[in-house]
Every structure is written in structure tokens, then in C-alpha cells.
Amino acid sequence: MADLSVTYLGLQLKNPIIIGSSGLTDSIEKIVELEKQGAGAVVLKSLFEEQILAESAKHVELDHSFGYDVHDYIHNYTRNHKLGDYLSLIKKAKAQTNIPIIASINCISDTEWVKFAHQIEEAGADALEINISLLPSNHEMRGVQNEEMYFDILEKVHKVTSLPLAVKMSPYSAGLANVIKRIAWSKYVDGIVLFNRYYRPDIDIDNLKIIHTNIYSTPQEISTSLRWIAICSSFVDIDLSATTGVHSGRDVIKQILAGAKVVEIASTIYKNGPEHIKTMLSEMEAWMREHKYNDLNSFRALMSYDKNKETSTFERIQFMKHFAG
0 MADLSVTYLG LQLKNPIIIG SSGLTDSIEK IVELEKQGAG AVVLKSLFEE
50 QILAESAKHV ELDHSFGYDV HDYIHNYTRN HKLGDYLSLI KKAKAQTNIP
100 IIASINCISD TEWVKFAHQI EEAGADALEI NISLLPSNHE MRGVQNEEMY
150 FDILEKVHKV TSLPLAVKMS PYSAGLANVI KRIAWSKYVD GIVLFNRYYR
200 PDIDIDNLKI IHTNIYSTPQ EISTSLRWIA ICSSFVDIDL SATTGVHSGR
250 DVIKQILAGA KVVEIASTIY KNGPEHIKTM LSEMEAWMRE HKYNDLNSFR
300 ALMSYDKNKE TSTFERIQFM KHFAG
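In this text, residue positions in the sequence shown follow numbering that gives the first Met the number 0: the first is 0, and each later residue adds one.
Each hint should be verified, as a subset may be incorrect.
[As the list claims (entries may be wrong)] Computed cross-link-like contacts, EDC-like style, restricted to lysine to aspartate or glutamate with a CA-CA straight-line distance of at most 20 Å:
hint, residue 1, residue 2
1, Lys270, Glu282
2, Lys13, Asp203
3, Lys155, Asp205
4, Lys277, Asp109
[To be verified] FRET-style restraints, in silico, Cβ to Cβ:
hint, residue 1, residue 2, range
5, Arg141, Asn293, 43 to 53 Å
6, Tyr198, Glu28, 36 to 46 Å
7, Thr278, Ser4, 31 to 41 Å
8, Gly272, Glu121, 16 to 26 Å
9, Arg249, Met0, 13 to 23 Å
10, Glu289, Tyr197, 19 to 29 Å
Hints in this document: simulated from the structure, not taken from any laboratory. For each residue, glycine too, the CB sits at the ideal point set by N, CA and C.
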């Protein structure tokens with residue numbers, strides 16, 4: 000039988016399939032079932048920076064940069080999702096399962112919320128994923144200012160906890176490879192997750208409303224993370240996790256060939272149910288038997304940028320090869 004075990008963030012996983020932060024990981028019942036179906040680890044549903052700030056302040060004073068509806072949402076969400084409940088979920092998950100439990104915080108700044116990372120550590124989490132949601136939409140802010148926010152946040156979190164840290168990044172950066180390299184060299188984190196998937200806006204032209212579309216990823220979306228995992232695995236020496244578009248065991252194989260240590264999945268489990276994890280693992284084992292690989296290290300990064308003769312394949316963004324006249 001193929002050995003699917005892997006070390007990620009210094010943690011031992013029985014296989015590289017991690018269930019990503021989502022509604023799939025927001026209760027102890029769901030987490031227990033995910034372990035039963037074969038998940039290697041889970042990332043708990045994210046706490047949001049606004050929740051932490053609102054809870055710690057007891058009330059949110061009106062900030063003129065937000066509308067009343069946003070403040071109402073924060074108040075209501077915080078009342079129903081107390082921070083204590085999150086810590087309790089960590090404790091229950093650790094007590095009732097034997098897989099790594101990775102906490103998650105979604106943030107956009109380096110404010111006082113970072114102190115909560117220490118409480119997450121005390122609750123028993125095995126690691127912490129910092130989901131930094133930076134959409135460079137502020138036309139008054141230079142690109143370097145957006146990029147430095149990663150370092151400001153990670154430095155402060157690193158100071159308050161000894162937990163292994165992973166940063167889940169946005170793909171929006173003019174100097175993405177350089178930012179990833181600098182984060183890896185900073186030693187603030189033990190892993191990088193590529194990439195954050197944002198909601199996709201659309202316009203309802205009949206009712207003149209902004210709506211969300213494509214809530215779940217598709218297999219075709221794997222190309223973005225696959226490209227950057229292949230490129231970055233050639234020059235960083237920390238763990239890389241691939242997410243978005245990973246829907247099958249063969250997709251997991253692709254990401255490992257590119258250089259990923261693990262993958263994070265959610266959409267395919269929403270679509271196919273937790274039992275799909277076993278199907279994905281079987282697909283991986285079948286491929287490894289066919290190609291005579293005994294463990295993941297035997298083929299990890301074989302198709303990374305620095306080991307591929309056609310390196311331009313990863314760099315090319317135009318369609319000249321297919322559509323040139």
C-alpha cells in the first residue's frame with residue numbers, strides 16, 4: 000500500500016488532504032465525520048477580525064468608513080458566534096479526534112485582534128492559518144503598502160504565539176513571487192497557502208443588484224495555484240499548500256508534482272459529500288501503484304519550475320501556442 004503520510008507545519012498527517020476553512024468545519028460533528036472519512040487535517044471555519052474586535056470592545060462604535068448595515072451584521076454575527084465558542088470548538092475537536100486541528104483567522108489589518116492568537120494556542124490548536132484578505136482596490140495605496148501589510152500582520156502574530164503559522168495569501172500582487180520569497184525568508188511562518196479564493200461578483204441586470212456567482216470552485220480553476228506552486232517550490236524552503244480547483248485525487252497528484260506538501264479542499268466536498276475524501280485517496284493510491292511510487296516524497300516537485308525543461312509553460316500568460324495564425 001502506498002504511503003500517503005506527510006509532514007506539514009511540523010505536524011504529522013496521515014495524508015495530504017486537508018479540509019479547508021469553511022462551513023464544513025464549523026462543528027464538532029462535522030469534524031468527527033471528516034476524520035472518519037479520511038481527512039488528514041482540518042482548518043476550522045475562520046474567525047473574522049471584525050468579530051474579535053467587536054467582542055473585545057463589547058460594542059462597536061460607529062465608524063464612518065462603514066455603513067450601518069455592516070455594523071448591524073458585525074453585532075449580530077458576534078452575538079451568535081462568541082469567541083468563547085470558537086475556543087470551545089478547538090478543545091472539543093482536540094479531545095474527540097486524532098487529526099491536526101488548525102485554527103483560522105481572516106484579517107485585513109494588524110490591530111489588537113492579534114492577541115487572540117495566544118488564546119487559540121492555549122485552547123490546544125495545533126497550528127494557526129492567517130487568512131489575509133487583501134484586495135488592492137484602494138487607488139490611493141501603492142502596491143508596496145499592500146504587500147507590507149503581510150509582514151506587519153505576521154510579525155505581530157509571530158510575537159504572541161509559538162504555534163506553527165501558515166499564511167493564506169491573495170493572488171493579487173504585481174511582485175507575487177518576490178513577496179512569497181520574502182515571507183518565506185522572514186521566518187514568521189512555517190507554510191504558505193496559495194491562494195485565497197474570493198467571492199465572484201456579478202450583476203443582476205433585471206433587479207439592478209450585485210449578486211455572487213460561482214460560490215464553489217471548478218476543476219478548471221486549479222491552473223492558478225498549480226502555476227504558482229510550481230514556480231515558488233523552486234525557490235522557497237517552507238511548506239506550500241495548494242487550494243482552489245482541487246476536486247479529485249488526480250488533482251492532488253498534480254499539486255504534489257508541482258511541489259505542494261498538502262492541499263486544502265472544500266468545494267468538492269460540498270458537491271460530493273465527505274465520503275469523496277476516500278475516493279480521492281483511492282485515486283491517489285491507484286496512480287502511485289501505476290507509476291511505481293511508494294511515497295509522496297518520491298515524486299514531489301518533479302514537475303516544478305526548476306525541474307521542467309519547458310519553464311516558459313508556467314510563465315506564459317498568452318495563448319500564442321494555441322491561437323497563433
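Range hint 16 to 26 Å (beta carbons of Gly272 and Glu121) holds or violated: Since Gly272 and Glu121 have Cβ atoms about 34 Å apart, the given range 16 to 26 Å is violated.
Verdict for Thr278, Ser4 (Cβ pair) under range 31 to 41 Å: 19 Å, violated
Pair hint Lys277 and Asp109, alpha-carbon separation not exceeding 20 Å: The given pair, whose Cα atoms are some 39 Å apart, is violated under the 20 Å limit.
Range hint 43 to 53 Å (beta carbons of Arg141 and Asn293) holds or violated: With Cβ atoms ~49 Å apart, the hint holds.
Pair hint outcome, Lys270 versus Glu282 [Cα-Cα no greater than 20 Å]: Holds, at about 18 Å.
Satisfaction of the hinted span 19 to 29 Å by the C-beta atoms belonging to Glu289 and Tyr197: 37 Å, violated
Hint check for Glu28 and Tyr198 - Cβ pair distance inside 36 to 46 Å: Violated, at about 26 Å.
Agreement of Lys155 and Asp205 with the hint, judged by alpha carbon distance not exceeding 20 Å: 47 Å, violated
Hint consistency between Lys13 and Asp203 [alpha-carbon to alpha-carbon, up to 20 Å]: 45 Å, violated
Whether the CB-CB distance between Arg249 and Met0 falls inside 13 to 23 Å: 18 Å, holds
The structure shown violates the earlier hints numbered 2, 3, 4, 6, 7, 8, 10.
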